[in-house]
Every structure is written in C-alpha cells, then in structure tokens.
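Fit chains X and Z to the supplied structure of chain C, relying on the hints for placement.
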Amino acid sequence: MTPAPLLDLMPALPEFLLLLAGLLFLVIGVLREGDGVRLIGPLSALSLVIAAAIILASDKTAADTFGGHFRMDAFAAFLKVLIYVGVAAAILVSQNFLEDERIARFEFPLLALFGALGMGMMVSANSFLALYMSLELQSLSVYVLAAGHRDTLRSTEAGLKYFILGSLASGLLLYGISLVYGFTGTVMFDQIGSLLRDENASLSSGALVGLVFIAAGICFKLGVVPFHMWTPDVYEGAPTPVGAYIASAPKLAAMGLLLRVLIDPFGAWVGQWQQIIVFVAIASMLLGAFAAIMQTNFKRLMAYSGIANIGYALVGLAAGTRDGVDGVLVFMAIYMVMTLGTFACILAMRRQGSYVEDINELAGLSRRQPILALILTILMFSLAGIPPTAGFFGKFYVFKAAIDANLTWLAVIGLLSSVVACYYYLRIVKLVWFDQAAEPFDLPLRPAIGAVAGISAILLIVAVLAINPLFASAGIAASAIFH
Amino acid sequence: MTIELALFYLLSAVTVGCAVMVIASRNPVHSVLFLILAFFNSAGLFLLLGAEFLAMILVVVYVGAVAVLFLFVVMMLDVNFRRLREGARLYWPIGALVGVILLAELILVTGGWAFAGGFETAAPIPSDPSITNTEALGRVIYTDYVYLFQTAGVILLVAIIGAIMLTLRPRGTLRRQDIAEQVHRRPQDTVELRKVDTGAGV
Amino acid sequence: MLYTILVFAPLVGALIAGLFGRMIGDRASQVVTCGFMALSAACAIASFFLNIYGEPFKVVLFDWIVVGSFDTQWALRIDGLSASMMLVVSFISFLIHVYSVGYMAEDASIPRFMSYLSLFTFAMLMLVTSDNLIQLFFGWEGVGVASYLLIGFWYDRASACAAAMKAFIVNRVGDFGLILGIAACYLVFDSVQYDVIFANAASFADSTIVVFGYEFNTLTIIGVLLFIGAMGKSAQLGLHTWLPDAMEGPTPVSALIHAATMVTAGVFLVARFSPLYEYAPTALAMVAFIGASTAFFAATIGMVQNDIKRVIAYSTCSQLGYMFFACGVSAYSAGVFHLFTHAFFKALLFLGAGSVIHAMHHEQDMRKMGGIWNKIPITYAMMWIGSLALMGIPFFAGYYSKDAILEAAWASHAPFARYAFWLGIGAAFLTAFYSGRLLWLTFHGTPRADHHTMEHVHESPMVMLVPLFCLAGGALFAGWLAQGMIAPDAAWWSGAIFMRGEPNILEELHHVPTLVRFAPLIVGVAGFGLSLVLYLLVPSVPGRIAAALRPVYLFLLNKWYFDELYDRIFVQPAKAVGSVFWRGGDGLVIDGFGPDGVAAATGRLARQTARLQTGYVYHYAFAMLIGVAALVTWYLFFVR
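Chains as they are written, first to last, in the working numbering: chain C, 7 to 489; chain X, 72 to 273; chain Z, 1304 to 1943.
Calculated from the structure, these hints are not laboratory results.
Bear in mind the structure is a predicted one, so any value in this text is a computation, not a measurement.
Worth double-checking, as some hints may not be accurate.
[As the list claims (entries may be wrong)] Here are the in silico distance ranges between beta carbons for each label pair:
| # | chain 1 | residue 1 | chain 2 | residue 2 | range |
| --- | --- | --- | --- | --- | --- |
| 1 | C | F402 | Z | F1941 | 31 to 37 Å |
| 2 | X | L239 | C | P450 | 56 to 62 Å |
| 3 | Z | G1900 | C | P475 | 42 to 48 Å |
[Said to hold, decoys possible] Some residues of chain X that are not near chain C, with every Cβ distance over 10 Å (derived):
| # | residue |
| --- | --- |
| 4 | I74 |
| 5 | L76 |
| 6 | V132 |
| 7 | T222 |
[Unchecked claim] From chain C, some residues computed to sit far from chain Z (all C-beta separations above 12 Å):
| # | residue |
| --- | --- |
| 8 | A222 |
| 9 | D239 |
| 10 | L293 |
| 11 | R357 |
| 12 | W439 |
| 13 | A478 |
| 14 | S479 |
Note that the Cβ used here is the ideal one computed from N, Cα and C, for glycine as well.
Chain C extracted, bound-state conformation (with noise of 0.2 Å):
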C-alpha cells in the first residue's frame, strides 16, 4: 500500500462535517439560550443522515489518510451508516422526554453528535492512538449524557460510575497498548499485522497479554461479562433517551472496534483471541439470560437483555472466520433496530405526564394500545430470536457461522440460553396480550417516539425479504478487513 497521505480530508468527509455541524450548533446553541434544543435536535440528526447519505454515496474502497491512522472502508461504511443513522434515531426520541422532565438543554443532541463523531472514529480507527483517542471522545460524551439528569441522584450516580470504571478500562486498555508497543515498537495496525503474520514470528506472552488487556477495555465499553457490571445501573440511571442511545449505536462501534482489532493486527492470532472471546461470550450469554429473568425495570432487564445479545454477537466472533464476521455485522445491525425500537416503547410507556418503567405497567396494553402493543410484541419475538423476525436470522448466522468454525458447543450453549431468555421476552408479550388492563398510557403517542418504534417494527418483520442483500453488503464490509 503506498503510504498514506497527511491530509487528504475526502475520506473523512462525513466526520468532517459532524465536526463542523457540532461547533456550529454550539455556537447556535449558546446564543439562542432555552429553547435551543427544539432547534439543535432535528438539525443534529439531520446532519448525522447526511452524512450517512455521503457514505451511502461515496466510493467503499479502502483509503488511508492523516499519515494512516484513519482508514476508511467498508466495513467502516457499513457500521458508519448504521451508527449514524442510530444516533440520529436516538436523538429524536429524546426530544420530548427532555423536555418533559425540563432538562431540555441543547447539550444532549449536542453531546450525542460529538458522540457519533467520536464513534465514527472508533470505526474508522487505524492505530492503537486513534482508537484510544476516539473511544476517549465517544466515552466522555456518553459519561456526561449518563449524567444528564443532574438533579435526581440516580442520573448522577450512573454517570459517575460509568465515568469511574470506564477510566479504569480506559487505563486496562493503555496499559495493554503500552504493552503491545514495547513489544512490537509499533502502534499501527498495518504494521502489527505484517509482523504477526511474519513465518518466523515467535508467539511474545508480552504481546498477548497486551492483547488481553485491550480486549477487556473495548470489553467494557461493549459491557460483555466480566467488564458488564456498569449496564444495569447505567442503563436504570441515565435518562431513558441516553439508555437508548448508549445501547445502540456506541455497541456498534465498539463491536467495530473489536472486530477491526482482533483481525487486521493480531489476525494471525485467531487462537489466541478465540479462547479470550469464547469464554467472554459463554459468561455474557448466560448472564444476561439468567440475571434478566428477576429483573422488573424495563431498562435494567434491557441491559441484561444487550449483555446477552452481544454474547451472542461474539459467538460469531469467535468462529474467527469471513463468515462469523459477516453474522456480527448483521447481527449487530438487527440488535441496534431492536433496542432502538423497544427504548422507543419504554419512552412511550407515560402515565399522566410522568414516566413509568417497571413491566408490570405493561399489563393489558392490548387492550388499550393494540398497535402500541403489536409493536412491542413483534420487537419482543424478534429479541427473543422467533422466525419470521429479523432477530432469527441474526442468531442464525452467528451459531451457523460458530457451528461452520467447530465450536458447535458453543452455539448449543447460545441456543440454550437464548431459550432461557425467551421467557423474560415472552413474559413482557404474555402481560402485554393476556393480563388484567393497568391504567392506559397517556396518548396520543409522540409521533417521533411513535415513528421510531413503528419502522423498527416494521424493518424487523421485512427483513425476511431483505436479509440477502443486508447479508451480502455486511459480507462485501467483512472482506474489508480480511487479509
């Protein structure tokens, strides 16, 4: 590859103009004081769909630039679009809930874009000092966001302790680059891949360790067993849109960054990472089925829920071939409509003007809200992994791919927790559909909320149709990072 040119900004286009957007919206921001929000939240996502239209539109082939610390390709597109478009999603669904509970500051889409720029960096991210720049922009953002509801302690608190035991993994995972650059002289992922690929390469215990480590910092950030305990309370804490938006987007981007990792630079390792992967997949997937089953807060069981989900991703990840790739991306891409689209639910889920989110409350909506509660029945099926919804076919790439690798095993210990887990989903559809009516929710439904919650339904139900294409865009973006 010839080397990469200092500053050819066309790759980095759509980031460019997050940057841009984001700075003007600050200055907008502070200007008009109060209702700034109303304002920066329809223009934060707009620019955010912009600037997946010019991924959309823009050339897939791989390109290097700003001295080859951001690549751009597709597998970057691909993610890029998803978390984009994700972001964009989360930030509309926040606008009433803010200004409900009158912390409607334009610092909430403000924070979530420079978020998104700092996501599509993770994707994007060609050395160990890009990633660690770009997790650290995406973290800070998500801190503050967490902690949004400054003046009830629950918000505070889920800020903190994310901020606390995500600078503990921001150190796990320094500690591992250090690591991985004394012993290789190198922080450039190209570079690392040549040399590990090299015949004559001895197995270094200091580069495996320093692997180690950097897998349990991007581990916290996708909240995988050990590195998960903030998830529950972060989730509970944060208010409802940031919830959200945590559990969307920044997965994807740290699943990206994972995936980049572990198959440019140490692909020559696949043994090595497998058995870290396996065992972090196994411990997650029966967690979260397990820990979700006694859980009554509709976000806390959602954080079990994504614990599990990416369990199930990382089963595809440890198969370690094109094909597992391929299964998380799509994976990946489901789970994000998924949890977008029940958040959606939760946020609809009013009564007389303030929010409730215990699933108790759920009981009987068919009754009162039966399209509310057709909605959230086809989301829970599709968590749940029942055919004809998209979330079938997630999990099917994903084990076929594992059961393709021989790790058989490890797919049947999938299916079976995802058996378990099918009784909290199917638990919240059989209160929705066969319980005594609670007290309706407050109607009508916000049409951004209603929106959001209604086409992620829909996507998941005609995904059946579409699961081709979607599987072999997701396959053209896993070549991209396969040597």
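What follows is chains X and Z alone, placed relative to chain C:
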C-alpha cells in the same frame, strides 16, 4: 553509567513508594501530596531518558495544575475518608491477591522478553541529537499526528461542554456583564444633571 | 364424477355444517347435511344398479404417497362389493340424517351432530371404496374418530366420555393388528394395492415368515393380523366390550354406526380380502371360531339385559358373529348378504327403539316400560317388522341371509364349520327369545312407567317415522331382492369375492338336508314362543328362573364378567405401571430434572446472578480486575 543507574533506581523506588502511599495514607491531603511527589519523580525518570520536554510538561501540567486542583478539591470537600475506608478493609486481601498475581505475571512477561527476545519488532525512529526535544515533537504533532492532536482538542471541547452542562445553573440573581450594552451606553441615557439648591436638600 | 360426488358430498356437508354451523343456524345445517346426503344416496342407488353384475373399475383421484416402490393413490375401487356397501352406507345414512332432524330437535348443538354424522359417512364411504390398504386405513381411522366423537357427543356426561374413550382404546388394540397386517402386506407383496396383493396371494400360499423365532405361514399371519383389526372394529369376542357402552351415544348414532355400517367394516375387510383368506385356511378357521363364539356369547347376554338399546347392541354383536363365521366357512357372499339385510332391520330396530325412548322421555330401561303398544302403534308395528326380520321368520330379510349362513356352515368342510353351525342354531334360538322378550317387555303387559310419563307417551313426528317406513321396506324386501348375492356364480360381486373349491360353498349350500334348512325357523319359533310364555302369559316365571339359577343369571347379566376381567388384567396393571412411570418416572425424574427442575434451577440461578449486582463501584471494579487477572493467568500458564 553507574550514577545514572543509581539515579534510576532511586527515582523508581521513590515513585513506587509514593504510589503506595497515595493509597495507603490516612489523610487525603497527604495522599495528594504523595501523588505530587510521584509526579516529580516520574519527571526525573523522563529526564534520565533525555525527554526533557515531557518532564517539564509533567511538572507544569500535572503538578502545577491537576494535582493542586485535586488538593483544593480534597480540602474543600471535607470527605470523611476514614469512614469510606472501613468497608475497604474487608476487601484488601482479595485486592492484594489480584494485585500480586498481576504483578507477578507482568514481571514474568517483561522477564520473558528480556530472556527470549526473539521477536522481531518494528524499527524505532532514530532520535536526532541535532534538534531539541521540543522541536522534534513540534515537527510531528502538527503533521504526522495532526489527527490525534485535533481529536484531543475535540475531546477537551466535549469535556468543557460536559462540565458546563453538569454544573452551570442559570440563577436569576446572577449579574452578568453585557459588553455590548456597556459599550453602547451613552452618557445622556444614564447621567442626568440636576441643579440642586444649596442647603435645600434633594 | 358420479362416484366422486357419492363419496365427497357428505364431506362437503360435514364441512359446511361443522365450520359454519353456528353461522348458518340449526335448520340450515340440517338442510345442508341432509341435502348432500340425499345427493350421495341418489348416486349410491344409481351406482348400485350400474355396478352389480358389472365390470370392476377404478376412479383415480390423485397420487397420495409416492416413495420409492411405495406408491399409493387416492382411488375409488368400484365393483359389486363396494357398490353394495355404498348403497347400504349412503342410503341408511341418509335416512338417519332425516331421522336425526326429529330425534335431535331439542339438542343444543345440532350442527355439530349433523356434521359428525356426515363426516362419519364420508369416512365410511372412503373405507368401502378404498383401493389400497392405506386408503382403507384412512377410512378405518376416520370412522373410528367419528364414532368417538359421536359416542361422546353428550360430552357433559361422564359415562358418555368414558364410553367414547373405551371405544377408541379398544379399537386401538384392533388397529394395532390392522397396522401390522398392512405392514406385513407391504413386506410380503411390496405393495399395498389390492390388485397386487390379490394377484400374488396364491403364489405365497405356501411361503413362510419368521416371527419371533417361529416360522409361520405368511398368509396366515397376514390374515390373522387383519382379522384382529376386524375384530376390534366389529366388536368380536374379546374386543367386543366397547360396543354395548357405545350406546351412550344418541340413538341415531347407534343405528348408523354401531349397527348398520361401521361395525360391519370388519366383515367387509374379510370379504374384501377373500382372495387372500382363501389361501389362508388357518386364519379362516380362526374367523369361523371367533365369529361363531361371538354369535352365541352375545346372544346369551342379550337374553338378560334390561336396557332396550343394550339388548339390540348385543344382538348386533351376535349378528356380526354370524357374518364372520359365514366368511370363516368361505361363504363371504352369505356374510355380506347378511350384512346387507341386517343393516336395514337393525337400523330399523334401533330407530324404533329410539322412537320408543323418545316417546318415554328418554327412558331406556325395559322394566319401566310396558303397555304402550296402543299409544305408539306405528312404532310398535315397525318394531315387529324389525324383530321378525331379525329372528329370521320366512320372507323377512333376515330369513334369506341367516338361513344361507347356517346352511353354508352345515355344508362346509372347513374346520369349526360344524361348531359354527350348532352355535349358530343356538344363537338363533336365543335371538328369537330376546327379540320376543324385548317386544313383550316394551309394549305389552302392565304399564310400569310412572303415571306422568304414561300420560305423555306419544307417537314420534313424521320426520322420524318416514325413515322407519323406508327401513321397514328394506327389512321386508331387501332379502328377497338381493338374493342374487348368494348365487353360486357370484356374478353380483363382479369378481370382488373369490371362492376356491368346486363346486363352491354357495353351490353346496343348496344341497343341505331339509331339516337343516328348517332348523333356524324351528328354533326361532320355539324361542319366540318361549318368550311369549315367560314374559306375556306367565310373567312371574322369569324372576323365579333367575332366582333359581342365580349364578348363571348374574354371569349373563354381568356380560360374562368381561369388563371386570379386562379391568383386572389390563386396566389396573396398566394404571399401576402408568402410575409408577407418571409419579416416579415423569414426575420425579423427567419433571424433576427436566422442565420443573431446570425451571427451578434457572430461577435460583437468576436470583443469584441478580444478586451479583450490588451497586457498589468498587465491587464492579474488582470484578473487572479479577476478570483481567484471570484471563492473563489463563494465557500465561495454560495456553501454549
């Protein structure tokens, strides 16, 4: 050589000792002071390596700004650390165990490197003695690493936004300076001349 | 087309009444089902006259199962046998549909009843027109299901549900034999098509098959297995216990299913497989033995029963025995002939009994009847016709067929033929006796019902009486009209029934001694006369006889203790074994370690994992650090 070695071990030992004391000391103010000492010793280590710019930056930024800020915060908050510590006593054995295990492993790793060494690493960029540390950093930070530099800037911006968002409360009583208003004020709008009879009062 | 309509019209009626019955209402359901049945019956009559003495042919509908050499079609096999059966099934079913309109008028779920009846008819038609064993099995199980549904029609009665289950379960025993028989056919002939089996039966006459280490004649095994199936369906001795209980169903059901049609499926099966049975003399001997034993055994029980429907039910059982031993002595034609005539007069008897029950406000105990002959004269007359036909009084339908059977039994040289003859004569005597007893107890003597009931005794409406007239016509003339069935050339059947032996049994039965020819009539009159004496002239005698021969009386009253015996031998041990497996095997082992245990363990695990989430940051940080330390340790010391 021997002096350098002796200095290295001295500084390292003090750094590690300070780090331990940061955690171990009962008085939080002492902890922060030990932290400052640890920073100083680290700066000394950088000097030994010939990285004088980093050494100075460490002193200026970490000691001069960060640690002192910590000190103020700790002193102002008046947190009862003793009570916080009570719970921790339960955990120190397992904490120590994990720490010892990790330490042993890391020693093993670095030791393994020292002994095995058969691993081909990328060639380090040779240091050019003709230019100063500061100049060398300046040459790459705006060129090769401009991406990272700018990212750091964005991170700081986000940090500022976050800090303001989480702490700034617009209060009605707050008086703010409006420079434009000040500039546009004319004497005739604000100053009125009155003729007051002597001895009559207002 | 004619045949397709014939078979499928009842199905259409059943579907309409069954699926849309609530929507279209009672009256429309009745009209629809009766209408389609009328269509089917008209086709059946046409087909009857077209196909007896005609050429056999097949109406192929479509392929069913094609797997390797296993090739099965849906096809209607039309020949003299199936045409005769279709006539019986469709025509009587139509009459009973009409009768049901009146009989079930006050029932709450008329559409369901009519739908089941039509469904049954469809399944029965499928059975008799089957062209291969699989299709036969479809019809066979279809009528079984319909029978189950109809016996348990009044599902809010515990006894009806129990009877329905009993019928189904006892039939499963027979079906087990049938399935094995079908499998054996496929094993031996590599086909389930009748054509192939019958064409090749002769070549396997002397072949043997090893079962459980013993060598058996192949055709005997197949014959016996198929006959076990027939025994279940036709309530032959051993598997007969369900039939009397099946009287829990509404009376039209008893008439249609448990007298005229379904229970004769076994006879039909044996007759249909005559080309095979002719080469399996051992199996035939078994058929003759079981048939004759049943004929006598059921008749003895019929003598002492008090429930009017049970008397007729045991009578049915007994008459089925006649049909079987006719087949057993190779006189298949005579057996089917009796089936044909019996269908009319037994349906008549049942419907007449239904009319009586209707008149008596659902009272079925003959001890509480009596003295009503002048209140319901038409029903009374009909019962007389049916009973005389059953007794075999000359020129009634039963006379022709029953005499033919007994003559064939005398003339035959098959094993058990003489045994069958004598038991048949005995049964004929008993038949006449219990028929007479039924008539006298029900219609004559002093009224034993309470005053209220007696005042309301009334003749049934025309919608119930017209079918009775039609059946009475059958009971009077069917025997005379269908004498061609037992013509020695068997041309009626257009090749469906095959008989070895020159001259064949139908030829020989015309050359029996005169005494044999008149023996049934003599014993019939004697039996009838005895009943006249005991129950009308000196009604105190039966009680004294019963007292004097108390053990015998109880033995008969309790149906030879078959139910108790089965309960002791099969039901209780099965229950005990089931209980062991249920409590111990399923409850403790499978549920304990399986669903319940897993669920409980899941719950415990869930609580414990949820407890991991303490909310303390330092716990979380510890978890992370321990995780990292564990992973690093794993890599340093265990992965190489």
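Original post:
Tell me, which hint numbers fail for this structure?
Top reply: Failing hints, ascending: 2, 7, 8, 9, 10.
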